[in-house]
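S.K.: Spelled out from the first residue to the last, the chains are:
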Amino acid sequence: MKTVSFFSTCLADTVFPGVAKDSVLLLEQLGCRVVFNPKQTCCGQPLINSGFHQKARKAMELQIETLLEDPADYVVGPSGSCVLQVKEYPKFFEDRPELQEKARQLKKKIYELTDFIVNVLGITDVGASLEARVAYHPSCHLTRLLGVREPPLALLNQVKGLELVGFKGQDKCCGFGGTFSVKLGSLSGAMAEEKVKNIQEVGADYLTGADAGCLMSLHGVIQRKQYPIKVMHIAQLLRGNYKL
Amino acid sequence: MSIRTGDLPLKAQLAKELANSNMREAIANGQDLLNSKRDASFEELGDYEQWRETAGAIRSHVLENLDYYLNQFANQADAAGAHVYFAKDDVQATGYCLEILQTKNAVKAVKSKSMVTEEISLNEVLEEAGIEVIETDLGEYLLQVDDHDKPSHIVVPALHKNREHFRRILAEKKGYTGDNVPENITRFVRQLIREDFMTADVGITGCNFAVAETGTVTLVTNEGNGRFVTTAPKTQIVLMGMERIVPTFAELDIMFSVLARSAIGAKLTSYMSLITGPKGETDRDGPEDLHIIIVDNGRSKVLESGFREVLRCIRCGTCMLECPAYRHISGHGYGTLYPGPLGLALVPVLAGYEDYKEITKICSLCGRCNEVCPVKVPLYESIFEHRRIIAEEGNLTNVGEKFLMGGYGNVIGHPSLYNLTTKTAHFSSAAPVVGPLKQWSLDRELPEIPKTRFRDWYAAREKKAGEK
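So the protein sequences, as listed, match chains Y and W. Under my numbering, think of the first position of the first sequence as 1, with each following residue one higher. Under my numbering, think of the first position of the second sequence as 1001, with each following residue one higher.
In case anyone wonders, no lab produced these hints; they're calculated from the structure. Possibly wrong hints are sitting among the right ones.
DSSO-like mimics (lysine-lysine), calculated; alpha carbons at most 30 Å apart, straight line [what the hints assert, rightly or not]:
#: 1; chain 1: W; residue 1: Lys1438; chain 2: Y; residue 2: Lys109
#: 2; chain 1: W; residue 1: Lys1011; chain 2: Y; residue 2: Lys87
#: 3; chain 1: W; residue 1: Lys1016; chain 2: W; residue 2: Lys1174
#: 4; chain 1: Y; residue 1: Lys183; chain 2: W; residue 2: Lys1016
#: 5; chain 1: Y; residue 1: Lys91; chain 2: Y; residue 2: Lys102
#: 6; chain 1: Y; residue 1: Lys243; chain 2: W; residue 2: Lys1463
#: 7; chain 1: Y; residue 1: Lys2; chain 2: W; residue 2: Lys1402
#: 8; chain 1: W; residue 1: Lys1376; chain 2: Y; residue 2: Lys107
#: 9; chain 1: W; residue 1: Lys1402; chain 2: W; residue 2: Lys1016
#: 10; chain 1: Y; residue 1: Lys168; chain 2: W; residue 2: Lys1376
#: 11; chain 1: Y; residue 1: Lys243; chain 2: W; residue 2: Lys1376
#: 12; chain 1: W; residue 1: Lys1438; chain 2: Y; residue 2: Lys230
#: 13; chain 1: W; residue 1: Lys1174; chain 2: W; residue 2: Lys1011
#: 14; chain 1: W; residue 1: Lys1463; chain 2: Y; residue 2: Lys183
#: 15; chain 1: Y; residue 1: Lys225; chain 2: W; residue 2: Lys1150
#: 16; chain 1: Y; residue 1: Lys102; chain 2: Y; residue 2: Lys39
#: 17; chain 1: Y; residue 1: Lys168; chain 2: Y; residue 2: Lys2
#: 18; chain 1: Y; residue 1: Lys107; chain 2: W; residue 2: Lys1402
#: 19; chain 1: Y; residue 1: Lys183; chain 2: Y; residue 2: Lys230
#: 20; chain 1: W; residue 1: Lys1402; chain 2: Y; residue 2: Lys91
#: 21; chain 1: Y; residue 1: Lys39; chain 2: W; residue 2: Lys1464
#: 22; chain 1: W; residue 1: Lys1464; chain 2: Y; residue 2: Lys108
#: 23; chain 1: Y; residue 1: Lys58; chain 2: Y; residue 2: Lys39
#: 24; chain 1: Y; residue 1: Lys230; chain 2: Y; residue 2: Lys197
#: 25; chain 1: Y; residue 1: Lys58; chain 2: W; residue 2: Lys1423
#: 26; chain 1: Y; residue 1: Lys91; chain 2: W; residue 2: Lys1016
#: 27; chain 1: Y; residue 1: Lys87; chain 2: W; residue 2: Lys1376
#: 28; chain 1: W; residue 1: Lys1438; chain 2: Y; residue 2: Lys183
#: 29; chain 1: Y; residue 1: Lys58; chain 2: W; residue 2: Lys1468
#: 30; chain 1: Y; residue 1: Lys39; chain 2: W; residue 2: Lys1376
#: 31; chain 1: Y; residue 1: Lys183; chain 2: W; residue 2: Lys1464
#: 32; chain 1: W; residue 1: Lys1174; chain 2: Y; residue 2: Lys225
#: 33; chain 1: W; residue 1: Lys1423; chain 2: Y; residue 2: Lys168
#: 34; chain 1: Y; residue 1: Lys87; chain 2: W; residue 2: Lys1402
#: 35; chain 1: Y; residue 1: Lys243; chain 2: W; residue 2: Lys1016
#: 36; chain 1: Y; residue 1: Lys39; chain 2: W; residue 2: Lys1463
#: 37; chain 1: Y; residue 1: Lys160; chain 2: Y; residue 2: Lys183
#: 38; chain 1: W; residue 1: Lys1402; chain 2: Y; residue 2: Lys183
#: 39; chain 1: W; residue 1: Lys1016; chain 2: Y; residue 2: Lys168
#: 40; chain 1: W; residue 1: Lys1301; chain 2: Y; residue 2: Lys91
In this text, all values refer to a predicted model and were calculated from it rather than measured experimentally.
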């Protein structure tokens, strides 16, 4: 049995606990033993992408120590973006070789959830079913920067009854961008609106993805526009919970 | 024009552009059309990644040895009979240019499209001195007629406006009576510009690439206006950014191949002018006098900074066409001559953080630009690093943001503090929407923060399991 140290991400921990909960239950369903270290907080990305690398160092150090603390074969998180951030840690500790070495170990051990299920566990069919037209948002950090393109699709393709619907501009950024969404909210909102419009136009019933941040933004537009599109993280969809 | 093209504060500028639905539609259509053409044109070339790698390596090599190649180019151009002048900044470049025109008693100059001339405000300087300057690139011409509207893209300057708009402008300003069919508009403008070509004293061009081995300057255009500018007037002035060098014709071939495809999705541009020295004894046309002004204007500073590789850029505009933020605000949203990812990467170091730090915010860090740049400019990394410099070096950051970020860093750096803060976070859902969350809420609902965090659920489950 594989032991997984779960990296909840602060967003799933506090705003979308269902995402983290279903990720844990899914991993357990697929035969993993899951541990969660409550000393973990946030990967520091809001600070780092705003340029405040120094102010994020304490948080980075904390995640490195915490996520490596429990004996586990892997570290798994339900977000391409946050996992990418953790994988970037080694370059922030050129001045601290010991910590940098630990950061490298963590980099090797950590996986995004769908990548882990498909490429480590070797599973694509988790036994889920859903009769619906589903739009999938391939988030930028997950696909372009982390290189995880196929796993979410492989999982969705095995869901019985599920029809994946493509839409215009599918690969384009949804406009979330972390702090970008609050620094330049008007532009971020315009980008999200275009994405939602394209999803709505193809008549999708559901929208899913592997990054809760992007989904939070798109869901916010869908709510504002009162479109009948249900939004959920892929872990929730695979567990049969259709609400973010 | 200069590097600064808009005076509004960033958020006001963005609000203005976002309210312009005609512009947004035109830009989105333009992006989609040009991007699909580019993809198709690279497809037939074969391994895109390999071409990017090679083209990028050539640019990087040139930058590493720029002093050598510039020297070689200047010597060869001089030997071919051109006058070469190095201009440290905009004042020197425009001053030298004006001097040439005044020596020739010139009253009219025709220009082909050139970003570096816009960067140094050449038109303004010449017009101030009473010289008429005619832009002959169709897009630039239309903008000039349209009360000097600013370009919104570096290759397709009028991308933000549609043909009906230009039909109306030409009718108002030039007495055009035809319809809005592009061919008819072009035919009309062509007749007007032809007069200017024949009567201009001086032709002014930019330079896409300069070949060091032969002292050749090159120009790619699609309308033939560039060819006319370089053949009809007796005097030609070329202005080139000092990084526009390729070693030999072999590298020029590769650069042209990726430039034409990246910029307009074509194998080649319709016209490629290669000019080595002034008109020779056996030549039937060409300028009798050829001046080449090599413009630094901040490039040396970039070269010495940690951002040297940004100078790889060949001004194809691909990063703008692919940028999801540019899509909604056009080049005007940035208020800078070089917009989009290139603008974010180049302008702060070319022209200073003090005046241009704000534009580095116009990026969601989606990484698309890095994927498509034909010379592999590290755009993402440069934007990322600019943000660090602005936040951490000198006094460039907003005090409020620094304070907020410091507070956040403190919370996520301490498990107990994080625990306490997130435990009570759900109360904020009932509070009025203030500060940065207002920005979020312009077009979107905020999520409701639940009482039970994931960690609470997990702890309860552990406890229950322990009891059993």
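S.K.: Compare the structure with each hint and give your call.
M.R.: How the hints compare with the structure:
About 38 Å separates the Cα atoms of Lys1438 of chain W and Lys109 of chain Y, which puts this hinted pair outside 30 Å; it is violated. Between the alpha carbons of Lys1011 of chain W and Lys87 of chain Y the distance comes to roughly 33 Å, so the proposed pair goes past 30 Å and is violated. For the proposed pair Lys1016 of chain W and Lys1174 of chain W, the alpha carbon gap of about 29 Å is at most 30 Å, so the pair holds. Our distance criterion of 30 Å between C-alpha atoms is met by Lys183 of chain Y and Lys1016 of chain W, whose separation comes to about 17 Å.
Only pairs whose Cα atoms come within 30 Å are accepted, and Lys91 of chain Y paired with Lys102 of chain Y is accepted, the gap being roughly 12 Å. Taken as a hint, the Lys243 of chain Y and Lys1463 of chain W pair is honoured in the structure, with Cα atoms around 27 Å apart against an allowance of 30 Å. Using a Cα cut-off of 30 Å, the hinted pair Lys2 of chain Y and Lys1402 of chain W is violated, with the two alpha carbons roughly 42 Å apart. Restraint check: the Cα-Cα separation between Lys1376 of chain W and Lys107 of chain Y comes to about 26 Å, which is no more than 30 Å; the hinted pair holds.
Restraint check: the Cα-Cα separation between Lys1402 of chain W and Lys1016 of chain W comes to about 28 Å, which is no more than 30 Å; the hinted pair holds. About 26 Å separates the Cα atoms of Lys168 of chain Y and Lys1376 of chain W, which keeps this hinted pair within 30 Å; it holds. A distance of roughly 41 Å separates the Cα atoms of Lys243 of chain Y and Lys1376 of chain W; the hinted pair therefore is violated under the 30 Å criterion. Taking the CA atoms of Lys1438 of chain W and Lys230 of chain Y, the gap is about 24 Å. The hint holds against a cut of 30 Å.
Restraint check: the Cα-Cα separation between Lys1174 of chain W and Lys1011 of chain W comes to about 36 Å, which exceeds 30 Å; the hinted pair is violated. Note on Lys1463 of chain W and Lys183 of chain Y: the hinted pairing is violated, with a Cα-Cα distance of about 41 Å set against a maximum of 30 Å. In summary, the hint linking Lys225 of chain Y to Lys1150 of chain W is not supported, as the alpha carbons are separated by about 35 Å, beyond the 30 Å threshold. With a CA separation close to 17 Å, the supplied pair Lys102 of chain Y and Lys39 of chain Y stays within the 30 Å bound.
As the CA atoms of Lys168 of chain Y and Lys2 of chain Y are separated by approximately 40 Å, the hinted pair breaks the 30 Å bound. Between Lys107 of chain Y and Lys1402 of chain W the CA atoms are separated by roughly 29 Å; this keeps the pair inside 30 Å, and the hint holds. Between Lys183 of chain Y and Lys230 of chain Y the CA atoms are separated by roughly 27 Å; this keeps the pair inside 30 Å, and the hint holds. Our distance criterion of 30 Å between C-alpha atoms is met by Lys1402 of chain W and Lys91 of chain Y, whose separation comes to about 23 Å.
Simply put, Lys39 of chain Y and Lys1464 of chain W have alpha-carbon atoms about 20 Å apart, close enough for the 30 Å limit, and the pair holds. Distance check on the hinted pair: Lys1464 of chain W and Lys108 of chain Y sit about 33 Å apart at the alpha-carbon level, beyond 30 Å; violated. Straight-line distance between C-alpha atoms of Lys58 of chain Y and Lys39 of chain Y comes to about 13 Å, which keeps the hinted pair within the 30 Å bound. The straight-line distance between the Cα atoms of Lys230 of chain Y and Lys197 of chain Y is roughly 14 Å, inside the 30 Å bound, and the hint therefore holds.
A threshold of 30 Å between alpha carbons decides the hint, and for Lys58 of chain Y with Lys1423 of chain W the separation of about 21 Å falls inside it, so the pair holds. For a cut-off of 30 Å, the pair hint linking Lys91 of chain Y to Lys1016 of chain W is broken: about 39 Å separates their Cα positions. With a C-alpha separation of about 23 Å, the suggested pair Lys87 of chain Y and Lys1376 of chain W falls inside the 30 Å cut-off, and the hint holds. Distance hint between Lys1438 of chain W and Lys183 of chain Y is fulfilled; the C-alpha atoms sit about 10 Å from each other, no more than 30 Å.
Between the alpha carbons of Lys58 of chain Y and Lys1468 of chain W the distance comes to roughly 38 Å, so the proposed pair goes past 30 Å and is violated. Simply put, Lys39 of chain Y and Lys1376 of chain W have alpha-carbon atoms about 40 Å apart, too far for the 30 Å limit, and the pair is violated. Taking the CA atoms of Lys183 of chain Y and Lys1464 of chain W, the gap is about 43 Å. The hint is violated against a cut of 30 Å. Restraint check for Lys1174 of chain W and Lys225 of chain Y: the C-alpha separation of about 45 Å exceeds 30 Å, so the hint is violated.
Proximity of Lys1423 of chain W to Lys168 of chain Y is assessed by CA-CA distance (about 40 Å); at most 30 Å being required, the pair is judged violated. Only pairs whose Cα atoms come within 30 Å are accepted, and Lys87 of chain Y paired with Lys1402 of chain W is accepted, the gap being roughly 25 Å. Our distance criterion of 30 Å between C-alpha atoms is broken by Lys243 of chain Y and Lys1016 of chain W, whose separation comes to about 36 Å. Between Lys39 of chain Y and Lys1463 of chain W, the direct Cα distance comes to roughly 17 Å. Compliance with the 30 Å bound is thereby established for this hinted pair.
This hinted pair does not check out: Lys160 of chain Y and Lys183 of chain Y have alpha carbons roughly 41 Å apart, beyond 30 Å. Of the supplied pair hints, the one linking Lys1402 of chain W and Lys183 of chain Y holds, its CA atoms being roughly 13 Å apart against a limit of 30 Å. Restraint check for Lys1016 of chain W and Lys168 of chain Y: the C-alpha separation of about 26 Å stays at or below 30 Å, so the hint holds. Distance restraint check for Lys1301 of chain W and Lys91 of chain Y: the Cα-Cα separation of roughly 26 Å lies within the 30 Å cut-off, and the hinted pair is therefore satisfied.
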